[in-house]
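Student: Be aware that the sequence shown starts at 1, since it is given in UniProt numbering, and climbs by one per residue.
Any given hint might turn out to be false.
[To be verified] Calculated cross-link-like contacts (lysine to aspartate or glutamate; reagent style EDC-like; alpha-carbon spacing at most 20 Å):
(1) K130 to E140
(2) K119 to D95
(3) K130 to D76
(4) K119 to E102
(5) K119 to D76
(6) K130 to E141
(7) K130 to E120
(8) K119 to D96
Source of the hints: derived by calculation from the structure; they are not laboratory data.
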Amino acid sequence: GHARGDDSLSPVPSAEMSALLRQPLLPQPMLNVAVLEPMPAPAARSVVTSAVLGERVPSLLGLPNELLLQTFSMLDPASLCHLACVSITCQRFADDPLVWREACGCGFQPHAAHSGHCKEVARRRSRQAKAVRDEERAREERRRRQEWRLWK
Numbered sequence: 001g002h003a004r005g006d007d008s009l010s011p012v013p014s015a016e017m018s019a020l021l022r023q024p025l026l027p028q029p030m031l032n033v034a035v036l037e038p039m040p041a042p043a044a045r046s047v048v049t050s051a052v053l054g055e056r057v058p059s060l061l062g063l064p065n066e067l068l069l070q071t072f073s074m075l076d077p078a079s080l081c082h083l084a085c086v087s088i089t090c091q092r093f094a095d096d097p098l099v100w101r102e103a104c105g106c107g108f109q110p111h112a113a114h115s116g117h118c119k120e121v122a123r124r125r126s127r128q129a130k131a132v133r134d135e136e137r138a139r140e141e142r143r144r145r146q147e148w149r150l151w152k
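Sequences and hints are given; from them, build the entire structure.
Tutor: Right, dumping it as structure tokens:
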């Protein structure tokens, strides 16, 4: 290594380097503080209070359809199924074939053209995973019983 303070490797002299480091990376805009208006305080009311007072409560479903479809397609199949149970609107978005293609990893493959294909793929994967988990639990239970018999 080199000794502390050795600037022989630096192409810029140390005085110039420290001046460069003090400069902001991006140009700083000049703000007229008198022009700025104070930010409104965030709403501190709960959803229930807002509903009682008749105020509109912000909702995920208030987003544009394109954003909802894109958001839903980022979910895994199990989360997508849970979200479909929330409301009829969520179910409508969760049942979209494009959402399922993305959720299952089918993408735009030619065999995935049928709208129910991706759901069936997810259903099969889920059932297979459950069968494996059930078999592992049963195997563990048998092992415990055999151990218990040895201690009797």
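Student: All hints, please: hold or fail.
Tutor: We went through each hint and held it up to the structure:
Of the pairs offered as hints, the one joining K130 and E140 holds, with about 15 Å between alpha carbons and a cut-off of 20 Å not exceeded. Proposed proximity of K119 and D95 is supported: the alpha carbons are some 9 Å apart, at most 20 Å. A C-alpha spacing of about 16 Å is found between K130 and D76, which places the hinted pair at or below 20 Å, so the restraint holds. The suggested pairing of K119 with E102 holds, with an alpha-carbon distance near 11 Å, which does not exceed 20 Å.
Of the pairs offered as hints, the one joining K119 and D76 holds, with about 12 Å between alpha carbons and a cut-off of 20 Å not exceeded. A threshold of 20 Å between alpha carbons decides the hint, and for K130 with E141 the separation of about 16 Å falls inside it, so the pair holds. A threshold of 20 Å between alpha carbons decides the hint, and for K130 with E120 the separation of about 15 Å falls inside it, so the pair holds. The suggested pairing of K119 with D96 holds, with an alpha-carbon distance near 10 Å, which does not exceed 20 Å.
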